[in-house]
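Fit chain E to the given chain G structure using the hints.
Chains as they are written, first to last, in our numbering: chain G, 1 to 735; chain E, 1 to 233.
These aren't lab readings, by the way, just hints derived from the structure by calculation.
Source: prediction; values computed, not measured.
Certain hints may be false.
Simulated crosslink set (DSS-like; lysine-lysine; CA at most 30 Å straight-line) [as the list claims (entries may be wrong)]:
id	chain 1	residue 1	chain 2	residue 2
1	G	Lys260	E	Lys2
2	G	Lys28	G	Lys325
3	G	Lys567	G	Lys449
4	G	Lys335	E	Lys22
5	E	Lys2	G	Lys335
6	G	Lys322	G	Lys284
7	G	Lys327	G	Lys284
8	G	Lys19	G	Lys284
9	G	Lys327	G	Lys295
10	E	Lys22	G	Lys193
11	G	Lys416	G	Lys284
12	G	Lys260	E	Lys230
13	G	Lys720	G	Lys416
14	G	Lys295	G	Lys260
15	G	Lys193	G	Lys19
16	G	Lys416	G	Lys567
17	G	Lys406	G	Lys449
18	E	Lys79	G	Lys449
19	E	Lys22	G	Lys560
20	G	Lys416	G	Lys367
21	G	Lys295	G	Lys367
Over the 12 Å line for every Cβ pair with chain E, so calculated as not near, a few chain G residues [stated by the list, open to error]:
id	residue
22	Glu168
23	Arg173
24	Ser200
25	Asp363
26	Lys609
The C-beta atom is built at its ideal place from N, Cα and C for all residues, glycine as well.
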Amino acid sequence: MISNEPAITPELIAEHGLKPDEYERLIKLIGRAPSFTELGIFSAMWNEHCSYKSSKIHLRTLPTKAPWVIQGPGENAGIIDIGYGQAVVFKMESHNHPSYIEPYQGAATGVGGILRDVFTMGARPIACLNALSFGDPNHPKTRALVGGVVAGIGGYGNSFGVPTVGGEVRFHRRYDGNCLVNAMAVGLADADKIFYSAASGIGMPVVYLGSKTGRDGIHGASMASAEFGADAEEKRPTVQVGDPFSEKLLLEACLEIMAKGCVIAIQDMGAAGLTCSAVEMGAKGDLGVTLDLDKVPCRETGMSAYEMMLSESQERMLMVLKPEKEKEAEAIFRKWGLDFAVVGETTPTRHFIVKHGGAVMADLPIKELGDEAPVYDRPFVETPKQPVIDAASVKPPMPIADALEKLIGLPDLCSKRWVWEQYDHVILGNTVQRPGGDSAVVRVNDGPKALALTSDVTPRYCEADPFEGGKQAVAEAWRNLTAVGARPLALTDNLNFGNPERPEIMGQLVGCIGGIGEAARALDFPIVSGNVSLYNETNGQAILPTPTIGGVGLVDEFTKSMTLAFKATNEAILLIGDTRGWLGQSLYLRDICGHEEGAPPPVDLATEKRNGDFVRGLIRDGLASAVHDISDGGLLVALAEMAMASGIGAVLEAPPGVPAHAFWFGEDQGRYVMTVRSDAVADVIRLAELGLVPIRRLGATGGRVLAIAGERPLPVEDLKGRFEAWLPSYIAGEA
Amino acid sequence: MKSAVIVFPGINRERDMARALKLISGRAPAMLWHADRELPPGTDLVVIPGGFSYGDYLRCGAIAARAPIMDAVRAFAQKGGLVLAVCNGFQIVCEAGLLPGVLMRNAQLRFICRDVYLRVERSDTPFTRGYNAGQVIRVPVAHGEGNYIADGETIARLEGEGRVLFRYASPDGMVDPNWNHNGAMNGIAGIINDRGNVLGMMPHPENHVEAAMGRTDGRGLFAGLVDHFKLAA
Numbered sequence: 001m002i003s004n005e006p007a008i009t010p011e012l013i014a015e016h017g018l019k020p021d022e023y024e025r026l027i028k029l030i031g032r033a034p035s036f037t038e039l040g041i042f043s044a045m046w047n048e049h050c051s052y053k054s055s056k057i058h059l060r061t062l063p064t065k066a067p068w069v070i071q072g073p074g075e076n077a078g079i080i081d082i083g084y085g086q087a088v089v090f091k092m093e094s095h096n097h098p099s100y101i102e103p104y105q106g107a108a109t110g111v112g113g114i115l116r117d118v119f120t121m122g123a124r125p126i127a128c129l130n131a132l133s134f135g136d137p138n139h140p141k142t143r144a145l146v147g148g149v150v151a152g153i154g155g156y157g158n159s160f161g162v163p164t165v166g167g168e169v170r171f172h173r174r175y176d177g178n179c180l181v182n183a184m185a186v187g188l189a190d191a192d193k194i195f196y197s198a199a200s201g202i203g204m205p206v207v208y209l210g211s212k213t214g215r216d217g218i219h220g221a222s223m224a225s226a227e228f229g230a231d232a233e234e235k236r237p238t239v240q241v242g243d244p245f246s247e248k249l250l251l252e253a254c255l256e257i258m259a260k261g262c263v264i265a266i267q268d269m270g271a272a273g274l275t276c277s278a279v280e281m282g283a284k285g286d287l288g289v290t291l292d293l294d295k296v297p298c299r300e301t302g303m304s305a306y307e308m309m310l311s312e313s314q315e316r317m318l319m320v321l322k323p324e325k326e327k328e329a330e331a332i333f334r335k336w337g338l339d340f341a342v343v344g345e346t347t348p349t350r351h352f353i354v355k356h357g358g359a360v361m362a363d364l365p366i367k368e369l370g371d372e373a374p375v376y377d378r379p380f381v382e383t384p385k386q387p388v389i390d391a392a393s394v395k396p397p398m399p400i401a402d403a404l405e406k407l408i409g410l411p412d413l414c415s416k417r418w419v420w421e422q423y424d425h426v427i428l429g430n431t432v433q434r435p436g437g438d439s440a441v442v443r444v445n446d447g448p449k450a451l452a453l454t455s456d457v458t459p460r461y462c463e464a465d466p467f468e469g470g471k472q473a474v475a476e477a478w479r480n481l482t483a484v485g486a487r488p489l490a491l492t493d494n495l496n497f498g499n500p501e502r503p504e505i506m507g508q509l510v511g512c513i514g515g516i517g518e519a520a521r522a523l524d525f526p527i528v529s530g531n532v533s534l535y536n537e538t539n540g541q542a543i544l545p546t547p548t549i550g551g552v553g554l555v556d557e558f559t560k561s562m563t564l565a566f567k568a569t570n571e572a573i574l575l576i577g578d579t580r581g582w583l584g585q586s587l588y589l590r591d592i593c594g595h596e597e598g599a600p601p602p603v604d605l606a607t608e609k610r611n612g613d614f615v616r617g618l619i620r621d622g623l624a625s626a627v628h629d630i631s632d633g634g635l636l637v638a639l640a641e642m643a644m645a646s647g648i649g650a651v652l653e654a655p656p657g658v659p660a661h662a663f664w665f666g667e668d669q670g671r672y673v674m675t676v677r678s679d680a681v682a683d684v685i686r687l688a689e690l691g692l693v694p695i696r697r698l699g700a701t702g703g704r705v706l707a708i709a710g711e712r713p714l715p716v717e718d719l720k721g722r723f724e725a726w727l728p729s730y731i732a733g734e735a
Numbered sequence: 001m002k003s004a005v006i007v008f009p010g011i012n013r014e015r016d017m018a019r020a021l022k023l024i025s026g027r028a029p030a031m032l033w034h035a036d037r038e039l040p041p042g043t044d045l046v047v048i049p050g051g052f053s054y055g056d057y058l059r060c061g062a063i064a065a066r067a068p069i070m071d072a073v074r075a076f077a078q079k080g081g082l083v084l085a086v087c088n089g090f091q092i093v094c095e096a097g098l099l100p101g102v103l104m105r106n107a108q109l110r111f112i113c114r115d116v117y118l119r120v121e122r123s124d125t126p127f128t129r130g131y132n133a134g135q136v137i138r139v140p141v142a143h144g145e146g147n148y149i150a151d152g153e154t155i156a157r158l159e160g161e162g163r164v165l166f167r168y169a170s171p172d173g174m175v176d177p178n179w180n181h182n183g184a185m186n187g188i189a190g191i192i193n194d195r196g197n198v199l200g201m202m203p204h205p206e207n208h209v210e211a212a213m214g215r216t217d218g219r220g221l222f223a224g225l226v227d228h229f230k231l232a233a
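Pulled out of the complex, with its shape left as it was, chain G reads as follows (with noise of 0.2 Å):
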């Protein structure tokens, strides 16, 4: 590549993403040109991806605080306290634009950065979830895509040896020019035994570790910070290449140096690699930062400053490190067959400075690189309400039992069995709830705690009414946590969006901030991670507004979470919320009647938190059997789901005033469906009209067939058949 350094010019700049008006306040800054090292350490930093320049003024209106928050947003991972000394350690990170020019490396190394923002700070990873959106299936570019994310997230969750248990596939043709690889990891600390990146100490040594920088993924983050042309595919050179072997050693590796009591401070190398790492511990800890490259392990000879500063090669950390503990903190290295060399040191000067073959290639002011970096008030336009539909203005094209039949062998609804088969969910032998349920759940140790863990987002919510959509969101993550018994803790959250340079794709960022802010402080569940993904937009056309809410809730006692399948027969099933049909943005409304449209349903926050906290007290009671949210498809969907889940049928009857089409399929929010032992139906019922929650009495379970007053009988077998269908046979080529 670029051996010499060029001279800077305004086709160079513009090549670094630095508009003209960011150059400007780089030379204000540094009161100088700037060298093309500089240059390469400023794109890095200043672009969105690293300096969330577009969305910062706004994320600051987010909830981040309660009691058990140990750490809030601003480090690599947000960390809650679960008592007993006991810590989690989580965020959700998006790799989107890589995933979408290299499916296969581009998802893999998703979850290998996440995994490194989790096992930084001192968790070991006890589970992994991806959120998944896909274009429309017809698309020539998604059935590959699915294929090759999948591959990868298993390819390396599997082999690192972390179960991911949980997440969400969609899809959706505006998703056709750029999917969504949204990764989530989880890990466990000891609360007092936790690692920051701000460095302290002058003349401490700044050591790199693990595998070897190479020439890949140069640019990551910039490319990450730009919308797609038609040249996408020759991008793919940015992407970086994973090596899940290397990181289960480095994890292996920093857990024992840091228990070793070697660690000042500690950063992975993710964006911007060497860079923002370097830069991110010395502005932290209001020191200085000198390196010298000569030290740094390289895979390949002739590297330059600039490539060594820019390069994303994976599995890479800098540690500041106890001076008497070098020699033991190399052995440990060593033992684990990865690289150890002290690059530099810290200094009083504020100063990042990168040296060379003898030559100073940067010298730069350290907290300006990133405290000064751009920030933007982008103008917005609010989102056009949409109107809200009456359902008894939408005719049913089919009979009720027909449009169940259908919704659940579609895309959306369908079974991922195929997806999640491929992911090792059991590894660690702390899975109590496999996918497949509303939330996974993982035992701590050997319990009795365990996590409940989910990720969820409506994205045609949030496209219809972005601050309602951000709400739902939030709502329906906490009432996932709820659904198996567990309470909401906190919240990591993925933004992913097109450019927010057009102030319609602004406004939807706006928002669905506004919403999720509103919910998370409603509901006592606040954000302690998270991450922007800006610019997933191709020629023009954006993503669906898509802010993914990975949530993790606690559950006392892992024996007593809750799951959906029905238990028994003989059961009382009674729904448990107001239901008034709410069918637009409804499945039901654009799969079954061809109408995207509408808008979404509205979550009464007050509401949402009063149903759940029942249900939750229900389930903590031992009253109910079993719990299911009820979210996409409605009603119906839901128990579809927990008689497939069992094998056994259900008697239904849908009571008079709500259309029944609206009824069984409309998604009203707020609402849960439960079972209860015929002997207890009595006392469940008053203890919710003592606490003011609507509840109603459906039908009861048992036989083999969904029998819905005034409709055929469907056998569970058959809607087992057509749930589980679809995605094998499109993998196959055959739908």
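Relative to chain G, chain E alone:
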């Protein structure tokens, strides 16, 4: 029962295995590193757990089979010591020549993690004495390369000498291609060597050992081994 778990770089089910051994035998196993050269004195059982030794970057198990510790494992097996090799462990002992045959890519060319049903073929071995012959157990698999293949003569010998201990089967114990997720010949899930002291198997009995976690079908294997050593003592 004194057991030793061999850990190669990239092995990742060693904690699951150690937990199961401790839970059922009451004694935590010794954890040995690939670069070690000796087993602890008095070792009763050597366990090679699952994972991706050396990243599985060559052929699964090929590099581990040549690691320093494997000389000690071979010598231990030659003296009749019991070796349990699970998943990547099975691949390693095949590569090391302790068992015949090879584990190829799953017939569907995908990694598969799910519970499978195994028919226990014999109960008169130290590994299966905790089960009844013909019993069906349910345990998880998690592998991309578990498709057992050997030449016709080897298969005939294995079958003729009763060396297939576990076979993929339907829940009611029928060997059926629909219940053989990886395409292994004759539904072979686990075999022993001619001396009967080395067992290689793809499924993970160590992941189904706790009642509180839902299933205990894997417990019999470890409980049987504990009994075996109790009787021997």
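Problem set entry | Unsatisfied constraints (hint numbers, rising) | 2, 11, 12, 15, 17, 18, 20
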